[in-house]
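Asks: Please model the complete structure; the sequences and the hints are all you need to start from.
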Amino acid sequence: MNQTAVELIDVSKIYQMDKVQVKASEHVSFSIKSGSFAALSGPSGSGKSTLLNIIGLTDLPSEGKVILDGEDIYEGISFNSRIPLKLESKLTELRRNKIGFIFQTFNLIPVLNVEENIMLPLSLGKSNASGMKDSEKKEWVDFLIETVGLTDWRKHKPSELSGGQRQRTAIARALVTKAPVILADEPTANLDSKNGDQILSLMKKINEELKTTFIFSTHDQKIVSMADHVINLKDGKIVSN
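Taking the numbering used here, the leading residue of the sequence shown gets 156, the next gets one more, and so forth.
Note that these hints are calculated values from the structure, not bench results.
For each residue, glycine too, the CB sits at the ideal point set by N, CA and C.
Hints may contain errors.
Per label pair, the in silico range of CB-to-CB distance [claimed, not checked]:
#1 L365 x T247: 18 to 28 Å
#2 Q176 x S314: 39 to 49 Å
#3 T260 x K377: 15 to 25 Å
#4 V175 x R309: 29 to 39 Å
#5 S189 x T247: 16 to 26 Å
#6 F234 x G304: 41 to 51 Å
#7 F234 x S199: 34 to 44 Å
Replies: Spelled out as structure tokens, the structure:
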């Protein structure tokens, strides 16, 4: 039986805008098994990006539990008070070790080439892959570059790449720390249909071969149709199909 990668229990997120409270998510509960190809699906304003950020530990819930790889991340923490520095440090470490991020805008460093962009997370701090020898890191990066089909472009900078190639670089960068969970926020939104289809096929291949958990925030029906676990959202709540 697969282990649970992510679980949210009764999670709500409320933003205070002037004198108005906006409920981006409201009492949301779900779990996603390790190795899933999962999608948070819904129209704009449904709360899917908010929940992806909460899973990614880049945004705090207003209430509820966030369980990552069996650990209750905010156990004993009051969300109405300042988050302790010790917890901030822990969240940074968890993001580095447990989670990889893929963005629709790629977020590559313009002055670095493909290989350097992919290597960058390994130099930013301790991660699952940082304990490898330099030779092992090179072999791992070489493997990822080959896996995403960029062997002939490894020395090219982002400005010399197509949109699809930039997203392939971003996928390899997300995988380089050996994080077990990859979060993808509308990863095909800035790609044409051909490149979008190729990127989806690549991520599905990685999901199946490396057993990496993928969680998408999307309204792309192609992603939804490929997902083995779909969480439909509307107005911050889970809705049935």
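Asks: So, for every hint listed, does it hold in this structure?
Replies: Hint-by-hint comparison with the structure:
no. : hint                    : result
1   : L365 x T247: 18 to 28 Å : holds (24 Å)
2   : Q176 x S314: 39 to 49 Å : holds (43 Å)
3   : T260 x K377: 15 to 25 Å : holds (20 Å)
4   : V175 x R309: 29 to 39 Å : violated (50 Å)
5   : S189 x T247: 16 to 26 Å : holds (23 Å)
6   : F234 x G304: 41 to 51 Å : holds (43 Å)
7   : F234 x S199: 34 to 44 Å : violated (26 Å)
Going through the hint list in order, the structure does not satisfy hints 4 and 7.
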